[in-house]
Amino acid sequence: MNRNRLQHIIPKLVLSPSLALILIFVYAFILYTFYLSMTDSRMLPSYGFVGFENYSKLWGLRHWWRALSNLAIFGSLYIVICSVLGLFLAILLDQKIRGEGFLRPIYLYPMALSFIVTGTAWKWFLDPGIGLENTMHQWGWTGFEFSWIKDRTLAIYTVVIAAVWQSSGFVMAMFLAGLRGVDSEIIKAAQIDGASNATIYRRIIIPMMRPVFLSAFVVLAHLAIKSYDLVVALTGGGPGQATELPATFMYSYTFTRNQMGIGASSAIIMLVMIFSIIVPYLYSELKPGRQR
Amino acid sequence: MSADRMAGAGRSNKLLRALLYSVLILFAVYYLLPLYVMLVNSVKPLEEIRQGDMLSLPTLFTLEPWAKAWSSAQIGVQPTGLKPYFLNSVLMVVPAVTISTVLGALNGYILTKWRFRGDDVIFGLILLSCFIPFQIALIPAARILGMLGLAGTTTGLILIHVVYGLGFTTLFFRNYYAAFPTELVRAAQIDGASFFQIFRRILLPSSAPIIVVTVIWQFTNIWNDFLFGVSFGDFDSLPMTVALNNLVSSSGGVKEYNVHFAGAILAALPTLVVYIVSGRYFVRGLMAGAVKG
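Chains as they are written, first to last, in my numbering: chain C, 1 to 292; chain U, 1001 to 1293.
No wet-lab data here; the hints were simulated from the structure.
Wrong hints could be hidden among the right ones.
In silico DSS-like cross-links for lysine-lysine, where the CA-CA straight-line distance does not exceed 25 Å [to be verified]: (1) Lys1083(U) to Lys1068(U); (2) Lys96(C) to Lys1014(U); (3) Lys150(C) to Lys1255(U); (4) Lys188(C) to Lys1014(U).
Heads up, incomplete: computed chain C residues facing chain U, CB under 7 Å, no partners named [to be verified]: (5) Ser18; (6) Ala20; (7) Ile30; (8) Thr33; (9) Tyr35; (10) Thr39; (11) Leu92; (12) Val117; (13) His222; (14) Tyr228; (15) Asp229; (16) Ala247; (17) Met250; (18) Ser252.
Output of the computed footprint for chain C on chain U, the stretches with three or more beta carbons under 8 Å from beta carbons of chain C [claimed, not checked]: (19) 1047-1054; (20) 1100-1107; (21) 1136-1143; (22) 1147-1156; (23) 1161-1173; (24) 1177-1184; (25) 1268-1279.
Computed from a prediction, not measured in an experiment: that's the story for all the values here.
All C-beta atoms in this analysis are idealised placements derived from N, C-alpha and C, irrespective of residue type, glycine included.
This is chain C alone, in the form it adopts within the complex (with noise of 0.2 Å):
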């Protein structure tokens, strides 16, 4: 008796040091940083009180309006471009290609690299004193003109560009696994009712394909959200402001420009830009009564 007890306090008891560290480092900060956005915070965390005032002084300013504008430019067109060149990429493979098995790894690999590697090669590659625009200069072809990343309105789409090419390989192995995981007996019946090829796509595999759509969707938001490293090391954040997205921006108001306040109450947005998406998601993953 003695000994089953004990045998039941066991798990708990392993199990404890992960959730106090869960609870202290995720739940605990959390409402840490919630407190100090309501507070004077400048270069070290202060308590005195200010009510929402860091929240107001965020939405006044320029900076984060254009930090947010950019995170929807950046966001749509790199969940968007990633989807659709993810699925597309996943359909040409699923077509019994032969050397499947080489050329999936060279699309999936960019996901193995850190961003800042990203960030370093596309950086010089799309500088139009060493990269694309010289090459093209070099080959003579003169008139070829490629500065986007020095440009403040198009900077942006440099980020989509190397981020499009880091992930899209990673969404068409979802998608692929999706296809795969398509039962064929429903594709053998359509096909002997006389439905074509690209009917069988669009009217059954992909309506099908519903969770993968979501899940890519929740992973490339959540990624958008958090990107960080990938505009520091592609552009700094610059010119200027113009590849400034809302992580960036809290590290620059937190630990540079010492307005800590405003950091946290970033951060705090932030968080509920993610909460908003995962949390509906991985509660309908997880409701009760679906395979556990």
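Given chain C's structure and the hints, the job is docking chain U onto it.
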């Protein structure tokens, strides 16, 4: 007549296949291009990059940039090359991966085979931690590391990476162990086997695939981390990614593109090697992380 049509269909089909393969190869080129650019330009003298084009093979092959990136390039204020930072990353990654994997395995085992009231809530709390924007944790984490005397140390970074990796490792093992027959565990319990005996003798021997997935996932994530490294690292603990960024974005002086590219490949090498050696598992890890259970 019908034979004619068949032949026509065969020909257009062949054309379609050719088109299909060319599109696939075109995309392969697109994905390989940046790697190619890094490789060829890392073995060219600087003069050749400035004058020539980025896509051509080196006319004068040199390993000088690699040597410089590794051992003598200026990183921040010190001309140490990337070597010490590579070591920092190794010293950080190995313990962080090990600890988070072991804890994740035990958590997954408990959450599936030793279920108790409220365990779903605990799992939900742990799972949600995978998705938080780390910006939310930067300020308090800096405070706590300071209080613990771990600011700027590798130990501090290990702690941070263990904590923020727990969600994923627990998720991986939980989903894997959920499919493991619970009857075997019950039978062993009736035979009087203890909590750890059951884990070691019954679950662990069949856990190799999920251990590989978890280790690869954690290794790539932690090796590639930049935000925590730049926020909490010091000369003795700054990881490779931060050093690479310092090397590339250091203002002033001549921009040594070839050294930057060599450095970038050095920073990418460990995860690339892991990926090439065990790409299959890598994909499975990505999937497990994306498509929950």
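Here is how each hint holds up against the structure:
Distance check on the hinted pair: Lys1083(U) and Lys1068(U) sit about 10 Å apart at the alpha-carbon level, within 25 Å; holds. Of the pairs offered as hints, the one joining Lys96(C) and Lys1014(U) holds, with about 14 Å between alpha carbons and a cut-off of 25 Å not exceeded. Restraint check: the Cα-Cα separation between Lys150(C) and Lys1255(U) comes to about 17 Å, which is no more than 25 Å; the hinted pair holds. For the given pair, Lys188(C) sits about 23 Å from Lys1014(U) by alpha-carbon distance, which is consistent with the 25 Å threshold.
With its C-beta approaching chain U no nearer than about 5 Å, Ser18(C) sits inside the 7 Å limit, and its interface hint holds. Checking Ala20(C) against chain U by beta carbon gives a least distance of about 10 Å; that is not within 7 Å, so the hint is violated. Satisfaction of the interface hint for Ile30(C) is found here, the shortest Cβ-Cβ separation to chain U being roughly 6 Å, below the 7 Å cut-off. At its closest, the beta carbon of Thr33(C) sits 5 Å from a beta carbon of chain U; the interface hint therefore holds under the 7 Å criterion.
With a cut of 7 Å, the hint placing Tyr35(C) at the interface with chain U is violated, because the nearest CB-to-CB distance is about 10 Å. At about 11 Å, the closest approach between the beta carbon of Thr39(C) and any beta carbon in chain U exceeds 7 Å, and the interface hint on this residue is violated. The interface hint given for Leu92(C) holds, since its Cβ lies 6 Å from the closest Cβ of chain U, which is under the 7 Å cut-off. Here the hint on Val117(C) is kept, as its CB sits about 5 Å from the closest CB of chain U, short of 7 Å.
For His222(C), the interface hint holds, since its Cβ comes within 7 Å of a Cβ in chain U; the closest pair sits about 6 Å apart. Here the hint on Tyr228(C) is kept, as its CB sits about 6 Å from the closest CB of chain U, short of 7 Å. For the restraint placing Asp229(C) at the interface with chain U, the shortest Cβ-Cβ distance is roughly 4 Å, inside the 7 Å limit, so the hint holds. With 7 Å as the threshold, the beta carbon of Ala247(C) comes within range of chain U, its nearest partner Cβ sitting at about 6 Å, so the hint holds.
At about 4 Å, the closest approach between the beta carbon of Met250(C) and any beta carbon in chain U falls short of 7 Å, and the interface hint on this residue holds. Of the supplied interface hints, the one on Ser252(C) is violated, with its beta-carbon coming no nearer than about 11 Å to a beta-carbon of chain U, more than 7 Å. Remark: the segment 1047-1054 of chain U is confirmed as covered by chain C, as 5 of its residues place a Cβ nearer than 8 Å to a Cβ of that chain, reaching the required three. With a cut-off of 8 Å between beta carbons, the segment 1100-1107 of chain U has 3 residues touching chain C; three or more are needed, and the interface restraint holds.
For the segment 1136-1143 of chain U, the assignment as covered by chain C holds, since 7 residues bring a beta-carbon within under 8 Å of that chain's beta-carbons and 3 suffice. By the rule of at least three residues with a Cβ nearer than 8 Å to a Cβ of chain C, the coverage given for the segment 1147-1156 of chain U is violated, with 0 such residues. Coverage of the segment 1161-1173 of chain U by chain C holds in this model, with 6 residues showing a Cβ closer than 8 Å to a Cβ of that chain against a need of three. By the rule of at least three residues with a Cβ nearer than 8 Å to a Cβ of chain C, the coverage given for the segment 1177-1184 of chain U is violated, with 1 such residues.
Requiring three or more residues with a Cβ within less than 8 Å of a Cβ of chain C, the coverage given for the segment 1268-1279 of chain U holds, as 7 such residues are present.
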